[in-house]
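Trainee: One letter stands for each residue in the lines below.
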Amino acid sequence: MAEILRTDARTALHERPGAEQSESRTLGANVVEDGRYMAPPTDEDGKQWVRTSVLIKGEPRDLYGLWHNVEDAPLWQEQIASVTRTGEKTSHWTMQSATGTLEWDSEIMSDEPGHRITWRSIGGDSENAGEVVFEAAPGGRGTYVTVLQEFRMGKLASTFETLTGRNPKQAVIENLRHFKALAETGEIPRTHGQPHGPRGAAGTVKSAAYAENVAQPPGLERMAS
Amino acid sequence: MKAVCWMGKSKIETLKVPDPVILNPHDAILRVTRTAICGSDLHLFDGFIPTMEQGDILGHEFMGIVEDVGRDVKNLKPGDRVVVPFTIACGQCEFCHKGLWSACDNTNPNAHLMETAYGYSGSGLFGYSHMMGGYAGGQAQYVRVPFANIGPLKIESYLPDEKVLFLTDIFPTGYMAAENAQIAEGDTVAVWGCGPVGQFAIASAFMLGAGRVIAVDRIPERLELARSLGAITVDYTEQDVSVLQAMRDLTGGMGPDSCIDAVGLEAHSNQLQGVYDKVKTMLMLETDRPIVLRQAIQAVRKGGTLSVPGVYGGLLDKVPFGAAFGKGITMKMGQTHMHKYMKPLLERIEKGQIDPSYIISHRITLEEAPHMYEVWRDKKEKVTKIVIDPWAEKAA
Numbered sequence: 001m002a003e004i005l006r007t008d009a010r011t012a013l014h015e016r017p018g019a020e021q022s023e024s025r026t027l028g029a030n031v032v033e034d035g036r037y038m039a040p041p042t043d044e045d046g047k048q049w050v051r052t053s054v055l056i057k058g059e060p061r062d063l064y065g066l067w068h069n070v071e072d073a074p075l076w077q078e079q080i081a082s083v084t085r086t087g088e089k090t091s092h093w094t095m096q097s098a099t100g101t102l103e104w105d106s107e108i109m110s111d112e113p114g115h116r117i118t119w120r121s122i123g124g125d126s127e128n129a130g131e132v133v134f135e136a137a138p139g140g141r142g143t144y145v146t147v148l149q150e151f152r153m154g155k156l157a158s159t160f161e162t163l164t165g166r167n168p169k170q171a172v173i174e175n176l177r178h179f180k181a182l183a184e185t186g187e188i189p190r191t192h193g194q195p196h197g198p199r200g201a202a203g204t205v206k207s208a209a210y211a212e213n214v215a216q217p218p219g220l221e222r223m224a225s
Numbered sequence: 001m002k003a004v005c006w007m008g009k010s011k012i013e014t015l016k017v018p019d020p021v022i023l024n025p026h027d028a029i030l031r032v033t034r035t036a037i038c039g040s041d042l043h044l045f046d047g048f049i050p051t052m053e054q055g056d057i058l059g060h061e062f063m064g065i066v067e068d069v070g071r072d073v074k075n076l077k078p079g080d081r082v083v084v085p086f087t088i089a090c091g092q093c094e095f096c097h098k099g100l101w102s103a104c105d106n107t108n109p110n111a112h113l114m115e116t117a118y119g120y121s122g123s124g125l126f127g128y129s130h131m132m133g134g135y136a137g138g139q140a141q142y143v144r145v146p147f148a149n150i151g152p153l154k155i156e157s158y159l160p161d162e163k164v165l166f167l168t169d170i171f172p173t174g175y176m177a178a179e180n181a182q183i184a185e186g187d188t189v190a191v192w193g194c195g196p197v198g199q200f201a202i203a204s205a206f207m208l209g210a211g212r213v214i215a216v217d218r219i220p221e222r223l224e225l226a227r228s229l230g231a232i233t234v235d236y237t238e239q240d241v242s243v244l245q246a247m248r249d250l251t252g253g254m255g256p257d258s259c260i261d262a263v264g265l266e267a268h269s270n271q272l273q274g275v276y277d278k279v280k281t282m283l284m285l286e287t288d289r290p291i292v293l294r295q296a297i298q299a300v301r302k303g304g305t306l307s308v309p310g311v312y313g314g315l316l317d318k319v320p321f322g323a324a325f326g327k328g329i330t331m332k333m334g335q336t337h338m339h340k341y342m343k344p345l346l347e348r349i350e351k352g353q354i355d356p357s358y359i360i361s362h363r364i365t366l367e368e369a370p371h372m373y374e375v376w377r378d379k380k381e382k383v384t385k386i387v388i389d390p391w392a393e394k395a396a
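Protein chains in written order, with the numbering used here: chain A, 1 to 225; chain B, 1 to 396.
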């Protein structure tokens, strides 16, 4: 977990006007360690991993704050019905899908304000662990937000996959996309609820195949209503 | 309300559907006053664009009067007259900041479908398949406009709808094609395809200083419109006409400084399994389409520029990349960065530099739209551009 700075690096290149200044830290979600690209962990022993990353126009500190406020997670995470704080580091999560409810408790393992959060489930219908890292993008272009999520495939995974047309890996990717949209624009793009002609059987099947039957998170609209 | 709905391949119907409502804080609802059928809509009609669903409302070219706005739309109010860009942009992401509006990161709810095909997703579009967002289109009496704080252009001067309607897509698309062609004063520019986008590419090429424009097509009314703008026309179906020979003959043997492919190979994507084979089949059937790209690469002068506003969707066979490298050409392409062009082009219309309504051949009602899709597809009735008044009961 040590922070690695490449201050002793020997280089023939003495000018890098646009290059990033600090080196990244050695964490599980890290994409770069000591100048080397690190591939995401591979699935094994019943564990599945997904790592995904976005550039968000914003400061690491503010984005960390938005993520850290877990009770707002239903605004941007798919099918999360509610999150209740149960302690300083613990919260209770309820996920509502078309035909079922999943509940679990979650605990924050480590918390570096403005930079990093890790968590894991501590009982319930889901076995998962995750990490999110916020770091300034090179060139002052915003913040790279990288999420690493680990699952044990159980009830959660099968329910997700069969009922929602989203597997849990894709759900992590979509949730980070929603987080970005909410942080950058104040809303999450929405098409559910717009008019259309009769869909027929084929249209309904297609819609499910494109995962359009997954409820689009409300964004800040929920706050207004 | 009444809306033109895609009900399957070659099956378009005007149906009664619910009115749109505000769904997000930056939404607006418009009462549509004019909308148009785009050449690219014909490919939806023909069933070439994957991820259409029965019941989808068509149309990405429209304008109207603001009826209602979401709580975070501060720049528009009910009663404002606006033209809406066909691409939807959030205005806040890295791409919008760079002026690459059609690459917006935040407006396609189905981005994962495009990511599968292209690596990354572009912005959402109105009425143009679910991989492009699945947004309801504007060939209807009302339409919901997301990110209305960013896209719609207010028309405050007195200009009839028909003169400003084409700011919604085809005029900016033709203009960006000419800008991408990197035209220097006096250059010779060749334009393949004299449909609406080709027309505006020709007009824009002259606006940007072209000394000579060569226009290639086969349809007499289109070639006539091109000549009316001052272009020299080449009808490639005439006996003994070789397009490549014509390009040499018209440029002292040097080739055009810039070539614009306003034909494209629309309607293809490697989105779904097996589409590669479909594309290959199409290449053999629709022979004129890949030929344009190949011809343009072959025709352009050494160190020249190839600009591609024509839509390509999937994989192409036998593109002469060696010729492109050997001559050191520049290629520029892509969906139009609408938001960058609408205002300056409105100013050109207001100053009387161009009247985009010259391409309109047909004015129709919503009820007549399904039939006119067929007429245009079959290249009958000398269609150059069809405009719909969604509130008209009978054709004007």
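The hints are simulated quantities; they were obtained by calculation from the structure and are not laboratory data. Careful: at least some of the hints might be erroneous.
Just so you have them, the derived chain A footprint on chain B, three or more residues with Cβ under 8 Å [claimed, not checked]:
1. 17-27
2. 338-348
3. 366-377
Covered by chain B, per the in silico footprint, the following chain A stretches (three or more residues, Cβ under 8 Å) [what the hints assert, rightly or not]:
4. 167-174
5. 181-187
6. 193-204
7. 209-216
Where a beta carbon is used, it is the ideal one built from N, C-alpha and C, also for glycine.
Trainee: Compare the structure with each hint and give your call.
Mentor: Now for the hints, and whether the structure bears them out:
For the stretch 17-27 of chain B, the stated coverage by chain A holds: 9 residues have a C-beta nearer than 8 Å to a C-beta of that chain, and at least 3 were required. Proximity of the stretch 338-348 of chain B to chain A, defined as three or more residues with a beta carbon under 8 Å from a beta carbon of that chain, is not established by the 0 residues found. Counting residues of the stretch 366-377 of chain B whose beta carbon lies closer than 8 Å to any beta carbon of chain A gives 0, which falls short of the minimum of three for the stated coverage. Evaluation of the coverage hint for the stretch 167-174 of chain A: fulfilled, as 3 residues show C-beta separations to chain B shorter than 8 Å, against a requirement of three.
Counting residues of the stretch 181-187 of chain A whose beta carbon lies closer than 8 Å to any beta carbon of chain B gives 5, which meets the minimum of three for the stated coverage. Given as covered by chain B, the stretch 193-204 of chain A passes the check, having 10 residues with a CB less than 8 Å from a CB of that chain where 3 are the minimum. For the stretch 209-216 of chain A, the stated coverage by chain B is satisfied: 4 residues place a CB nearer than 8 Å to a CB of that chain, which reaches the threshold of 3.
Checked against the numbered hints given earlier, this structure breaks hints 2 and 3; the rest are met.
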